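Chemist: Mind docking these for me? Both chains are given alone in their own frames, and the hints should help you get the complex.
The listed protein sequences derive, respectively, from chains A and B. Just so we're aligned, residue 1 is where the first sequence starts under this note's numbering, counting upward by one. Just so we're aligned, residue 1001 is where the second sequence starts under this note's numbering, counting upward by one.
Don't read these hints as lab results, they were simulated from the structure. Incorrect hints may appear among the rest.
Taking lysine-lysine pairs in the DSS-like style, the calculated list, with each CA pair at most 25 angstroms apart, reads [as the list claims (entries may be wrong)]:
#: 1; chain 1: A; residue 1: Lys118; chain 2: B; residue 2: Lys1299
#: 2; chain 1: A; residue 1: Lys120; chain 2: A; residue 2: Lys221
#: 3; chain 1: A; residue 1: Lys281; chain 2: A; residue 2: Lys118
#: 4; chain 1: B; residue 1: Lys1299; chain 2: B; residue 2: Lys1014
#: 5; chain 1: A; residue 1: Lys70; chain 2: A; residue 2: Lys281
#: 6; chain 1: B; residue 1: Lys1014; chain 2: A; residue 2: Lys221
#: 7; chain 1: A; residue 1: Lys120; chain 2: B; residue 2: Lys1140
#: 8; chain 1: A; residue 1: Lys120; chain 2: B; residue 2: Lys1299
#: 9; chain 1: A; residue 1: Lys313; chain 2: B; residue 2: Lys1140
#: 10; chain 1: A; residue 1: Lys118; chain 2: B; residue 2: Lys1014
#: 11; chain 1: A; residue 1: Lys307; chain 2: B; residue 2: Lys1140
Over 10 angstroms on every C-beta distance to chain B, these chain A residues come out as not near it, computed from the model [what the hints assert, rightly or not]:
#: 12; residue: Asp26
#: 13; residue: Ser78
#: 14; residue: Phe98
#: 15; residue: Ile184
#: 16; residue: Ala219
#: 17; residue: Val241
#: 18; residue: Ser271
Now the stretches of chain B that chain A is said to cover, found in silico as 3 or more residues with beta-carbon under 8 angstroms [unchecked claim]:
#: 19; region: 1028–1036
#: 20; region: 1072–1086
Small disclaimer: the values here were computed from a predicted structure and weren't measured. Built from N, CA and C at the ideal position, the CB exists for glycine as well.
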Amino acid sequence: MSKIAIDRPAQATPRRIARGFRGLSDRALAWIFVGPTILLLLAVNIFPLIWTIWLSFTNFRVNRPNEEVKFVGVQNYSRILSDDDIWLTMQATAHFLFWTLFLQILIGFWLAWLINRKFKGNDLWTTVIVLPMMLSPAVVGNFWTFLYQPQIGLFNYAVGFLTGADPSSFSMIADVTLAPWAIIIVDTWMWTPFVMLICLAGLRSIPDSLYEAAECDRASKWRQFWTITVPLVLPFLMLAVLFRGIENFKMFDLVVQLTGGGPGSVTELTSINLKREAFEKWRTGYSSAYAIILFVTVYGLAAIYVKALNRVKQR
Amino acid sequence: MSSTSITEPSAGQKWFAGALVVAYALISILPLVWIIATGFKTPSDAIAYPPKVVFEPTLEGYVNLFTTRTRQPPEVMAANPPETWYDRIVAQYDMTIVGPSRFGERFLNSVVIGFGSTFLSVFLGTFAAYAFSRFRIPAKDDLLFFILSTRMMPPIAVAIPIFLMYRAVGLSDTHAGMILLYTAVNLSLSVWLLKGFIDEIPVEYEEAALIDGYTRFQAFYKVVLPQAATGIASTAIFCLIFAWNEYAFAVLLTSGQAQTAPPFIPTIIGVGGQDWPAVAAGATLFLLPVMVFTILLRKHLLRGITFGAVRK
Chain A
1 MSKIAIDRPA
11 QATPRRIARG
21 FRGLSDRALA
31 WIFVGPTILL
41 LLAVNIFPLI
51 WTIWLSFTNF
61 RVNRPNEEVK
71 FVGVQNYSRI
81 LSDDDIWLTM
91 QATAHFLFWT
101 LFLQILIGFW
111 LAWLINRKFK
121 GNDLWTTVIV
131 LPMMLSPAVV
141 GNFWTFLYQP
151 QIGLFNYAVG
161 FLTGADPSSF
171 SMIADVTLAP
181 WAIIIVDTWM
191 WTPFVMLICL
201 AGLRSIPDSL
211 YEAAECDRAS
221 KWRQFWTITV
231 PLVLPFLMLA
241 VLFRGIENFK
251 MFDLVVQLTG
261 GGPGSVTELT
271 SINLKREAFE
281 KWRTGYSSAY
291 AIILFVTVYG
301 LAAIYVKALN
311 RVKQR
Chain B
1001 MSSTSITEPS
1011 AGQKWFAGAL
1021 VVAYALISIL
1031 PLVWIIATGF
1041 KTPSDAIAYP
1051 PKVVFEPTLE
1061 GYVNLFTTRT
1071 RQPPEVMAAN
1081 PPETWYDRIV
1091 AQYDMTIVGP
1101 SRFGERFLNS
1111 VVIGFGSTFL
1121 SVFLGTFAAY
1131 AFSRFRIPAK
1141 DDLLFFILST
1151 RMMPPIAVAI
1161 PIFLMYRAVG
1171 LSDTHAGMIL
1181 LYTAVNLSLS
1191 VWLLKGFIDE
1201 IPVEYEEAAL
1211 IDGYTRFQAF
1221 YKVVLPQAAT
1231 GIASTAIFCL
1241 IFAWNEYAFA
1251 VLLTSGQAQT
1261 APPFIPTIIG
1271 VGGQDWPAVA
1281 AGATLFLLPV
1291 MVFTILLRKH
1301 LLRGITFGAV
1311 RK
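This is chain B alone, in the form it adopts within the complex (with noise of 0.2 angstroms):
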């Protein structure tokens, strides 16, 4: 008998919350192993009914995920014996590899979008956050609350005019519009939040530093930054999912050459309708980083859902 409080929930309450949480939890995971699962199974295996539990893997649909196939007669496939296991896999179906896919240049303009604009959000919101959270700024709940409703747009009401300024100046389907495009909406985030982080700083450190003839700008680089480097480091990763997961812009200004891998995934077809297990495995080198990421944050989710409205 260790409970000392009456409000302390008995063990069977305890036993059947956590049962029910568990049932939950086990369900709604489920889309997700499935996706996981689906990116090892043959396309026959992936469609059939009743769905399959048990299955015999194969790395067929990342195979088919990163490369591009042609159907070849059988003479061509005779003289060609596979000398690979992933040319194996393709001449099950009288196919020759014939190049890669553009999944590998997707994934990497996902990264080098999701990076730049993480880096450049950041320390933007950083400065912007320290000042914000320690000088005298006019209007400064104005301005801060302004930097909120930013974010308040639908993002396809912003890209009508987005979309003609960046066809005037050159930066339709670039990197940097991207990037810039990116930061811009992440600011909101980033600002809000490091200036939480920051608040929760002792001002008393940077007095010291000042009396010991620190300037601001040394007390801020040598005082404040490493004491907020929790905060930023989970500011970047709030910042870097929102770039990696971004659709709307995504879709309406890229096309060719800066289209990220959300919008490429869903286009991924093989014969008759889309590729599920090339879809999944796509799926899932994309999704994975961002569980690893959550479940490395999960002190600080609830922080960055809200904005920093709801410190724990």
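Chain A extracted, bound-state conformation (with noise of 0.2 angstroms):
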């Protein structure tokens, strides 16, 4: 995508030396320009990537700065991908994967078709909708614990009173069977805004004459919305259910305070997880050897998704 003329570096001159900014070539400016930036991104993200890549094929901790590291070989990763409990936090994981873009992109998506309806104030509902996505997971999933509560929680005086239940029968945080549904319930309040404003703009980049003709050809509503809706809208939901894809898959913040994990492990998230060895197992080179395995799971899986997701757009 060259540009104009100007946009190219002065070819005569490949080498010219500082003279104050006046002199710069623009190469030697766009250098000055990135160069921090990617320095940075060196020293805070690429320099310790080494160095967990490093560390994940020893024996090292943290807690026992004394003792002599020694190089392992890839027995933590061995050990991690037979580890049956890590099994068992993939599997909640994609549990919590599954159900919450399932309900996100149900509810954003209707939500997004009723906006589109331009009734009267819609800017306005839409920035109420929006809202909690904003706010902090840590703050707020905290404060969910206690709308959480039997008897005296909000959320649990609110089923209760809609189903006859007794407030105080069932906590959404302490049971084995409902903790996995309390942190999706919260994690579709929270983002379900954020697949909403996506599909709100795909269904606004459609343009009126496709329904127009659609309307002279006859077509019925279902119609229309099979046949044109979903395929102009997919590409945008598609990247919805990336980012989302991606964020949840690194979850910590809002699941910690929510449920901590419990009961038991069975809200145990990988990240959760891993931070339990990390941080306080300090199993150093062991949760090295499992951050890496996170890391290639995660860019393994988008970079099959971003191909998936550019076919879809190239139809």
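Modeler: What follows is the structure in structure tokens.
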């Protein structure tokens, strides 16, 4: 995407030395502008990543600094991948990911579709709906434990009021079968607006002329929905899933505050499990390998997904 | 009959859609309203059954949030009659205020770290974004993707070596360390967002300036920056909100000195567990600025949350 000739670095003077800003070539300026950002990211992201990779092949433990650090090869990796508990946390994460994505897409799309009816005051109400997603998940998550309290909690009271159940008869957080849903409910409450906003942008990008043409061809509303609306919003929806998928795979703050991974370990998502290994049991080498496995998983899945997304976009 | 298009929804459809959206909106802000309301309740009102909607507001939660108190024997209470309104609130429970709580400090830490990292990430991000937008840079797409990919790492995974690194260089539990870390995390957002904003400014303005004898840097400084001001401001707010809300790094890397508010608020305890009015008061003070910013930002919201991938 070349713009105009000015954009091109001066070819005749490839290595002009700095003479104040006046004499700087575009090429030199480009590196001065980009350099600090790249350097900081190398120092705070890439250097630690390389360090993690190295640690992942050792038996290093932060809480035993005097112990000899031994190189253990891939032992950490093979241990993690054959550990049943870690597969359970993976399963908990998958359950959380699937249901949050499913509910958020469903409700988010439905809301966007309603807002797109352009009723009076839709801007105001959209802003109100968006509020929860901008707030600190840790602080809000902590407050939800109050709403979830049996008897006095507002959530339990509302459920009791609507279903006739006794509000003190169930505890969303302490019950093994309910806790996974407790975190799904709060995450859905918080992040449905995100999916909604993206879907709304998708819906608004569809030109009216398509529907007018379909109307002239006497296509039913149902058919218009499936042959115009859905395919055209799909790339937007997939983008929303990408963002939410990555975020929820990394999920930590909200769930730590809500359930702390409990009861037992039914809501112990991978990030919480990793935190436990790294900062409570101090198995640094082992948890480094764990971190690398997680990172490769996110990165790999995202890469495959982006390929699919681009294919949908091109259609 | 103002409807001119056959695709325009009918009045009835609009009304029905509006009613459903308003219902959803009201239910979804209920927890936020409840936070604000609980901040003004007494501890016994806060845990009343059925939940109290109408109650007598009190500032007890706010007083408890900002102070530490201790229980006093009746003779001490009698000897020291409460003088101020906040002393009187505390005196109801046979307590006196013995000093400030740590909330003020924690809040201030959030402000310092939030603004410090926002300034740095927007400052660095503006230069980088301009370069990515206007100059030829080898492997530009790869570099941009690399910058974005730093955001994909789970914070806990990054925290392990950062923890070791900071301990080695003495940055653990310091403001500088947290500012540097949040700056790095926010750079991906600021570079991507700002590149989008700068891309939208026509190059012709700069070309005209260059022909008029401006240097490249002057053209950037005097022509592009003023035009990108709105974009820079909204990028700054997004960076600020992220740093403000961040919890994982804060809870792992700070404890005494540089701890921000999010790890602190959930630890506010009273007699027999969490002091919910005080927690809610702290949450209210902490969340309100973000709510205000969200309302101010509503036009750029979509762009910010998608790293500039979706522009309205």
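Chemist: Can you give the numbers of the hints that this structure goes against, from lowest to highest?
Modeler: 3, 7, 12, 18, 20
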